[in-house]
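Chemist: Read off the chains here:
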Amino acid sequence: MAATDTLPATTGDETVVRLGGAQGGWFRQVGWRHLVGLLALAFSLFPILFVVSAAVNPLGTLSSSELVPTGASFENFRKLFVDTAFPTWFLNSMVIGLLAAALSMFVSACAAFAFSRYRFRGRRAGLLGILLVQMFPQFLLIVALYIMFAYVSDLWPAVGFNTRTGLLLLYLGGALGTNTWLMKGFFDTIPKDLDESAKVDGATHAQVFFGLILPLVTPILAVTGLLGFISAVNEFLIASVFLTDDDAKTAAVGLYGLVSEERNNNFGVFAAGALVLAVPTVALFQFLQRYIVGGLTAGAVKG
Amino acid sequence: MAEVILDRVNKQYENGFHAVKDLDLDIADGEFLVLVGPSGCGKSTALRMVAGLEDITSGTLKIGDRVVNTLSPRDRDIAMVFQSYALYPHMTVADNISYGLKIRRMEKAEIDRRVKKAAEMLELGALLDRRPKQLSGGQRQRVAMGRAIVREPQVFLMDEPLSNLDAKLRVQMRAEIAQVQHDLNVTTIYVTHDQTEAMTMGDRVALMKAGVLQQVGNPQFLYDNPDNIFVAGFIGSPPMNMALAQVERDGDDLVVVLGRSRLPLPAAARSERPGLDAYAGRQVAVGIRSEDMEDARLVRGADERSRLRATVSLIEALGSQIMVHFLLDAPRVVTEDTKLLDKDAHAEEAPKHDATKFVASFAPRSRVRAGDEVEVVVDTERMHFFDPTTGDAIR
Ligand SMILES: Nc1ncnc2c1ncn2[C@@H]1O[C@H](COP(=O)(O)OP(=O)(O)OP(=O)(O)O)[C@@H](O)[C@H]1O
Ligand SMILES: [Mg+2]
Numbered sequence: 049m050a051a052t053d054t055l056p057a058t059t060g061d062e063t064v065v066r067l068g069g070a071q072g073g074w075f076r077q078v079g080w081r082h083l084v085g086l087l088a089l090a091f092s093l094f095p096i097l098f099v100v101s102a103a104v105n106p107l108g109t110l111s112s113s114e115l116v117p118t119g120a121s122f123e124n125f126r127k128l129f130v131d132t133a134f135p136t137w138f139l140n141s142m143v144i145g146l147l148a149a150a151l152s153m154f155v156s157a158c159a160a161f162a163f164s165r166y167r168f169r170g171r172r173a174g175l176l177g178i179l180l181v182q183m184f185p186q187f188l189l190i191v192a193l194y195i196m197f198a199y200v201s202d203l204w205p206a207v208g209f210n211t212r213t214g215l216l217l218l219y220l221g222g223a224l225g226t227n228t229w230l231m232k233g234f235f236d237t238i239p240k241d242l243d244e245s246a247k248v249d250g251a252t253h254a255q256v257f258f259g260l261i262l263p264l265v266t267p268i269l270a271v272t273g274l275l276g277f278i279s280a281v282n283e284f285l286i287a288s289v290f291l292t293d294d295d296a297k298t299a300a301v302g303l304y305g306l307v308s309e310e311r312n313n314n315f316g317v318f319a320a321g322a323l324v325l326a327v328p329t330v331a332l333f334q335f336l337q338r339y340i341v342g343g344l345t346a347g348a349v350k351g
Numbered sequence: 053m054a055e056v057i058l059d060r061v062n063k064q065y066e067n068g069f070h071a072v073k074d075l076d077l078d079i080a081d082g083e084f085l086v087l088v089g090p091s092g093c094g095k096s097t098a099l100r101m102v103a104g105l106e107d108i109t110s111g112t113l114k115i116g117d118r119v120v121n122t123l124s125p126r127d128r129d130i131a132m133v134f135q136s137y138a139l140y141p142h143m144t145v146a147d148n149i150s151y152g153l154k155i156r157r158m159e160k161a162e163i164d165r166r167v168k169k170a171a172e173m174l175e176l177g178a179l180l181d182r183r184p185k186q187l188s189g190g191q192r193q194r195v196a197m198g199r200a201i202v203r204e205p206q207v208f209l210m211d212e213p214l215s216n217l218d219a220k221l222r223v224q225m226r227a228e229i230a231q232v233q234h235d236l237n238v239t240t241i242y243v244t245h246d247q248t249e250a251m252t253m254g255d256r257v258a259l260m261k262a263g264v265l266q267q268v269g270n271p272q273f274l275y276d277n278p279d280n281i282f283v284a285g286f287i288g289s290p291p292m293n294m295a296l297a298q299v300e301r302d303g304d305d306l307v308v309v310l311g312r313s314r315l316p317l318p319a320a321a322r323s324e325r326p327g328l329d330a331y332a333g334r335q336v337a338v339g340i341r342s343e344d345m346e347d348a349r350l351v352r353g354a355d356e357r358s359r360l361r362a363t364v365s366l367i368e369a370l371g372s373q374i375m376v377h378f379l380l381d382a383p384r385v386v387t388e389d390t391k392l393l394d395k396d397a398h399a400e401e402a403p404k405h406d407a408t409k410f411v412a413s414f415a416p417r418s419r420v421r422a423g424d425e426v427e428v429v430v431d432t433e434r435m436h437f438f439d440p441t442t443g444d445a446i447r
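These protein sequences, in sequence, are chains A and B. If you count the first sequence from 1, you need to add 48 to reach the working numbering. If you count the second sequence from 1, you need to add 52 to reach the working numbering.
For reference, chain A alone in the conformation it holds in the complex (with noise of 0.2 Å):
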């Protein structure tokens, strides 16, 4: 439909009817619609700038009164790179983040696979056991954990406190039970007829999976993969507990560990931080983002 707009001008003939005035039907028609999405931009863009701006602060405050700090510099970013030990913590956060990711997407959807095509016994059970663990408070958890834990870094110190591969393993199976009931839900959606189609063309249950079924539910691996990457990036309580050295601190918890001394005083380097950590999760979300598109099984059926 065109908008008002883009009309052609009257040429006088009577017969042509014009839907609305000039300015009043266009903002009628379009313009509001600029106006909301100007307010939703300056809300969520507002608390940005002030990060920004502290940022670039060199006096390491928050509650500098100008919006463009006098003598702004990235003094903080240095201070970031060379006095602390943020490099280690990036890295430890992008490892772990990128690992759960990728690893969840993979258990989850197997999961999701299993439950969406198979029907044996114990499946019910299983779907709704999954969920309930899930309802299990965090707090709770916490403290379950961290005598597990205890143990483990005894025994076998490798996956115990302070170590990357014991943060992914919890973060794992902390993910696992909503990415499977999401996949599910995105796994139910594609005709069974496919698989069966495949069955009889040949094909093996892991040639259905990786060459039929995975290429179909792109976008739900490509959402469950920003979300685990996200969750475990910001992840804080857990990561808290569990890392306590400093070479093992995730960047959450480094960062915490900035400003819960003494306040005010290094928010500065703080913000700086927070800005670099979210690079690659939006450079992430740019790289995935043309994954989530729908329509993807158009016209494999007919009915």
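Among the hints, a few may not be true.
Derived DSS-like pairs: lysine-lysine, alpha-carbon spacing no greater than 25 Å straight-line [claimed, not checked]:
| # | chain 1 | residue 1 | chain 2 | residue 2 |
| --- | --- | --- | --- | --- |
| 1 | B | Lys154 | B | Lys185 |
| 2 | B | Lys114 | B | Lys73 |
| 3 | B | Lys168 | B | Lys154 |
| 4 | B | Lys185 | B | Lys168 |
| 5 | B | Lys154 | A | Lys240 |
| 6 | B | Lys168 | A | Lys240 |
Computed Cβ-Cβ distance ranges for the label pairs, DEER-style [to be verified]:
| # | chain 1 | residue 1 | chain 2 | residue 2 | range |
| --- | --- | --- | --- | --- | --- |
| 7 | B | Gly189 | A | Thr252 | 28 to 38 Å |
| 8 | A | Ala331 | B | Thr122 | 49 to 59 Å |
| 9 | A | Gly174 | B | Asp127 | 24 to 34 Å |
| 10 | A | Phe154 | B | Ala161 | 28 to 38 Å |
| 11 | B | Arg165 | A | Tyr166 | 18 to 28 Å |
| 12 | B | Ile367 | A | Val341 | 50 to 60 Å |
| 13 | A | His253 | B | Arg165 | 27 to 37 Å |
| 14 | A | His253 | B | Thr112 | 19 to 29 Å |
| 15 | B | Thr109 | A | Tyr339 | 41 to 51 Å |
| 16 | B | Ile155 | A | Arg81 | 47 to 57 Å |
| 17 | B | Asp181 | A | Thr252 | 23 to 33 Å |
| 18 | A | Ala254 | B | Asn237 | 46 to 56 Å |
These aren't lab readings, by the way, just hints derived from the structure by calculation. Think of the CB as a built atom: it goes at the ideal place given N, C-alpha and C, for glycine as much as any other residue.
Knowing the structure of chain A, use the given hints to seat chain B with the ligands on it.
Modeler: What follows is chain B with the ligands alone, placed relative to chain A:
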């Protein structure tokens, strides 16, 4: 290519529902067998058991000389065309067709040869690079056929492959599938609920009802010699006219009292059905095909007695014939079978209990109009008789 043999095959679903009961079928090498029946009678279940997509609860299934009961679909050397086509949406037409060959690690040259041949056969050449969503319904149907053809399997299985197409395309594809099957001479089991497809396509037709096989045979044979009321009512369009009648003795002869008419039974018809004598003095269900009735004014020297008299309620002129609807003053046949048939045809209830809707096919020379009193000559040699309680044909 191979024969397919089902020996007392049963299917009971997990919820206890007995969908296929003691199914016996011998399908010869290269034969086109149509499995037909009303919705929910277990046709798809039977086909899916042959495909290996459903477990066989009991009985044996042989393809060629192997018992394949426990083999997975990929090891049965079959190809299946689904009602929904089930094309792989992320692959091109060429990839869709060659998927089953690639997965079996066939040589590239051989794959190309087969895809090319199938594409030629089905006129898909120009579409090979397209995705399924860029195809029309008929083209998708062809791709699904192509995917089955290139496999060069022992058996084709098709589950209502044409039911998603519009009427005209359906007629065209019907002929095409029959042609392809004939050219390739591959044993085929074709499931449909459309009796026209069953009549026109099959070497033989197997008619099922509620999980039980009713009759198997050449389509014309089923049309002419239905074993029971269900087969008689299902095969043929319009369905066979049926009404309750009384068989009476008239000296040495038998007469059929149908409403106000007393139709004499010719000696030939009687000797073909020795069982009918036992029904003298009892009620039977009489079946008359619409083409076995004619306008009395068009038949010279027609027997005065072999006539039905009624008022025409509706005329459908089809050009080559005229379908004449009238109400006959004889009670309707009401059994489980006729109820099921009515439900399947979405037919409305007949108006009165003691009257039956009949459809006769007259030659176009007939000038009858709706509302006319008409005399209808019945070809009494071609009447069918069924036991009104069991529904079985009287022979
Ligand atoms: N998984 C199942 N569990 C229980 N009952 C089932 C299952 N699948 C099918 N049925 C039942 O088995 C009967 C036969 O089903 P089937 O799909 O073979 O019918 P059909 O003859 O192919 O019918 P249509 O023409 O509608 O496709 C139906 O009554 C159906 O409700
Ligand atoms: Mg079916």
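Chemist: Would you mind marking each hint as holding or not holding in the structure?
Modeler: Checked hints:
1. B:Lys154 with B:Lys185: holds (22 Å)
2. B:Lys114 with B:Lys73: holds (17 Å)
3. B:Lys168 with B:Lys154: The hint holds at about 15 Å.
4. B:Lys185 with B:Lys168: The hint holds at about 21 Å.
5. B:Lys154 with A:Lys240: holds (21 Å)
6. B:Lys168 with A:Lys240: violated (29 Å)
7. B:Gly189 with A:Thr252: 28 to 38 Å: holds (31 Å)
8. A:Ala331 with B:Thr122: 49 to 59 Å: Roughly 52 Å apart at Cβ, these two residues keep to the hinted range, so it holds.
9. A:Gly174 with B:Asp127: 24 to 34 Å: This hint holds: roughly 30 Å between Cβ atoms.
10. A:Phe154 with B:Ala161: 28 to 38 Å: Holds: the Cβ-Cβ distance is about 36 Å, inside 28 to 38 Å.
11. B:Arg165 with A:Tyr166: 18 to 28 Å: violated (37 Å)
12. B:Ile367 with A:Val341: 50 to 60 Å: holds (57 Å)
13. A:His253 with B:Arg165: 27 to 37 Å: The hint (27 to 37 Å, Cβ to Cβ) holds, given that histidine 253 (chain A) and arginine 165 (chain B) are roughly 30 Å apart.
14. A:His253 with B:Thr112: 19 to 29 Å: Given range 19 to 29 Å: holds, Cβ gap about 26 Å.
15. B:Thr109 with A:Tyr339: 41 to 51 Å: Taking Cβ atoms as reference, threonine 109 (chain B) and tyrosine 339 (chain A) lie about 43 Å apart, which means the hint holds.
16. B:Ile155 with A:Arg81: 47 to 57 Å: holds (50 Å)
17. B:Asp181 with A:Thr252: 23 to 33 Å: holds (28 Å)
18. A:Ala254 with B:Asn237: 46 to 56 Å: violated (35 Å)
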